[in-house]
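Here is what each chain is made of, one letter per residue.
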Amino acid sequence: MKKLISLNVNGIAHELAVEPRRTLLELLREDLGLTGTKKGCGIGDCGACTVLVDGVATFSCLTLAIQVNGCSVETVEGLTKDGKLSRLQQAFVDHGAIQCGYCTPGMLMTTTELLRRNQHPKEQEIRKAISGNLCRCTGYQKIVEAIQEVARSENEEI
Amino acid sequence: MKKYSILNSRVPRVDAVDKVTGKALYTDDIKMPGILIGAILHSPLAHARILNIDTSLAERLPGVKAVVTHREAGTTPYGVSPARYDETIFCHDKVRYVGDEIAAVAAIDLDTALEAVSLIKVDFEELPVVLDGRRAMEEGRPLLHDIYKNNICAEVHWHFGDIEQGKKESYIVRTDHLTSKMQDAAFLEPQSVIAEVDSHGNLTMWSSTQAPHYIQRTLAMALNIPLHKVRVIKPAVGGGFGPKASCSTAELATCLLAIKTGKPVKLTFDREQVFLHSRARHQFFHTMTTGVKKDGTLAFLDHQCILDGGAYASFGIATIYYAGSLLGGPYRLKNMKYDGYRVVTNKPACGAQRGHGAVIARALFEVQLDRIAEELGTDPIELRLKNVMEAGETTCNELFVSSFGMREALEAVRDSAAWKKKRSLSGKTRGQGRGIGAACGFFVSGAGYPIYRSRTYHCTVVTKVDDVGGGVTVSSGAADIGQGSDTVLAMITAEELGLPLDDVKVISGDSNLSVDLGAYSSRTTLMTGAACRDAARDVKRQILEAIAGVLCVPPETLDLKDGKVESLSGELDFSKIREEYLREHKGFIDLPNELCLTFREASRIAFLERGSIVGVGMYRPPPLGGSFKGATVGTSPAFGCSAQVAEVSVDLGTGEITVENITGAHDCGFAINRTQVEGQMQGSMMMGMGEALMEQIIYDKKGRIVNANLAEYKIPTAMDMPHLEAIIVESNEPHGPYGAKEVGEGAIMPVIPSILNAVYDATGVRIEELPLTPERLVAAMEEAKKKPSLQENP
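Going down the list, the sequences are from chains R and V. Residue numbers for the first sequence follow this note's numbering, beginning at 32 and rising by one. Residue numbers for the second sequence follow this note's numbering, beginning at 825 and rising by one.
Just so you know, these hints were derived from the structure itself, not from any lab. Among the hints, erroneous ones may be present.
[Unchecked claim] Covered by chain R, according to a simulated footprint, are these stretches of chain V (three or more residues, beta-carbon under 8 Å):
#, segment
1, 874 to 887
2, 1044 to 1050
3, 1141 to 1150
4, 1205 to 1217
5, 1288 to 1302
6, 1542 to 1550
[Said to hold, decoys possible] Calculated pairs, PhoX-like style, for lysine-lysine (alpha carbon to alpha carbon, straight line, at most 20 Å):
#, chain 1, residue 1, chain 2, residue 2
7, V, Lys1053, V, Lys1118
8, V, Lys1538, R, Lys159
9, R, Lys112, V, Lys847
10, V, Lys1084, V, Lys1053
11, V, Lys1210, V, Lys827
12, R, Lys115, V, Lys1053
Owing to the predicted nature of the structure, the values given are computational and were not obtained by experimental measurement. Quick reminder that beta carbons are idealized off the backbone N, C-alpha and C, glycines included.
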């Protein structure tokens, strides 16, 4: 039987009736049309579905929608502020940290959490933080360089 | 080098912003009203006769709209190589691997579709399985296909030069072996398909494919629909690396379901299905005997290979040829013999994957060169430098290299990685846990011939100027699967027309737009790039002719640059010509007021003069290659080459290998976009490193994959990868646009052997089985301790 949940996604409040076994990933992609969040494996191996739940990087494919009742969820669609790319998004664009782009949304969300927690992570800290986000195109080199650019800055905005 | 305004720069890729904001639409992101969801029934058995398929329960399940089997699909054979069409949309007589497709369902949602699949009852008669590729050819083994005697789906026997003469000239002759395991391409986006039929019977399919044109042909053939009624559209694709170049049952079944139901149908693989469908890297068993003269000159190569390709041919015919032909370079090698067998076994079919066919062969040959250098007491890089080909030379198997920065690439990695210093140190410290190794590679820049026999153009590009003036739209069937070909086409067009990148729109990956053979064999930059350049030049000529006509000046005195018409013969008065444009745009705010004529005005005036301005470019390679059987595979208008140095540390107790540094140099002829070239190199390093150290599909005794997921099929994470140094070498390829040639696949060639050679330097032991897992390394080190003489004097 469906359950009524309320959650805030990218600053917008939603109230939805969901099947108890519906995942957060399905809720975002199917019910809210937020297809920026990707499904690469469905079992928590690849990190493509990473979103922030109350600020914590979370695999949305392993999270039930009813678990986020009352929570605040951030997805890649919420990173842009006033039509402007976040500094992290811009750094990914400038450094060529994107190829096929399928890991990119999850990679950005994981890194957003890292940089909020630790404004100036070292290279090893960056690599450790994104080690649950698989990328098959870049060898991670340009992703790490993009994150390092943001991490070097004193600007607190991410 | 000529000065360019945008080429050779690091402009961000044209789809970058869409990809960081979540706007880029991949196939599974596309929604349609009333869309049905498809699901496939896969075989649970590796080899069995199908006695009966009962779909009645599935058909009766509420919410099911269609159930299809071979009865609805027919049994028209299809495949990749026309000479080996051995697949049908669904199995009808036998299943040949765990995962082989038997039926498909379309239903109102995924749950219903999956339940319906579970209700299809299939009666099987189990057959004995063939799982070991090395034994598949033996007499008396069970046969997978009637058409493949002894399970051999293709064999190649080549002899170039005279290896007997080579043997006579040799000072050192040695034989070595290397085997690998089947691998998965592990692209992040699982295959996804949507199909729909309109009221005129036109079938449109959206698919995460690398090759819309080939898929269009296969759909038309296997489903018996006229080619012009089939349209294949490639939305954003989350990586392909080869397996998405062949047509899949997912594509065929989804189209069939759309035809049967009259509704749009979507079918998306889960990750396990990606592994089951495979079409990724073959399993290779290589044996090579190589001889060199006393001075280190290569004398001959005698090469045998068995390729385990799983249940169907797929790209495997090309694979077995590539495994032999691409050893023709990058070294001068006069005498080469090759005997290759591509066999079928009861495992998922293998196909093309980055560095098609050539990766493991390259790895063994480069390991051999290292071992020979050691026997000769020569530095391995010096031995390679002694043998590298130069531009203008032809290999023994008749591959002509028109540009070749092999020497430059090798010297670049040697110097950048401080090879001389580190190698001399490590020579003394062999086997002490730290090592450095080098290797080279050689690869095609676009297959010289299409997969089907034809003199078809390999691509056409149509560039149309906006009728209202201002920008252009480039239309191409080329498939950007993440490698960045749309950006290359936009940059080339912007360069030729003197436009800012934002005024060039690229639409691509649609079989309605043009013929383009697709993203495989590292062909797009050279081939579609050349066609794109010519289309832009055609547009430019027409615009300048129109403007010159109005101004009454010769067209050759005009040029397009920086968004303007430039006069090469002194100042021109554009005020008259501008009047009409201003009159047309009364009320517009941002009207041009500069002294020179803007592209926006010029392109509109050209339209007023001539109507729509459309430029067309085409590319077809000249006839290439020798006249021997199979000579077409390996031919290319140009060849890329690369060198790499890897540094590793090894825990001599646990066998754990850490790659500390990779320095690679690749000759891409000319870097259209420097960031993208580096990106292809770095991605190749990662994929090669994964293949060298951790990637392997593991089967149980019944042919079931036991690690069909991304946790147990390990690919490198950011923690595994070292710093990757990518050095671009530009040799100015005469057959490529602006001198450009490939980088997408060639860059993977030296990765595995450079790591293997470094691990030997660190441990003193050689491993003949990939991947080089800690278990295999520890076992080899233990063995070496027992028989130290074996490793010293093989």
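Do the hints match the structure? See the list:
1. 874 to 887: Violated: only 0 residues of the segment 874 to 887 of chain V have a Cβ under 8 Å from chain R.
2. 1044 to 1050: With 0 residues closer than 8 Å to chain R, the segment 1044 to 1050 of chain V misses the three-residue bar; violated.
3. 1141 to 1150: Check failed, 0 qualifying residues.
4. 1205 to 1217: violated (count 0)
5. 1288 to 1302: violated (count 0)
6. 1542 to 1550: Coverage by chain R holds here, the residue count being 6 at a Cβ distance below 8 Å.
7. V:Lys1053 x V:Lys1118: Given that 20 Å is the threshold and the Cα spacing comes to 64 Å, the pair is violated.
8. V:Lys1538 x R:Lys159: The given pair, whose Cα atoms are some 16 Å apart, holds under the 20 Å limit.
9. R:Lys112 x V:Lys847: holds, 15 Å
10. V:Lys1084 x V:Lys1053: Distance of about 16 Å is within 20 Å: holds.
11. V:Lys1210 x V:Lys827: Violated, because 34 Å separates the two Cα atoms, which is more than 20 Å.
12. R:Lys115 x V:Lys1053: violated, 43 Å
Checked against the numbered hints above, the structure breaks hints 1, 2, 3, 4, 5, 7, 11, 12 and satisfies the rest.
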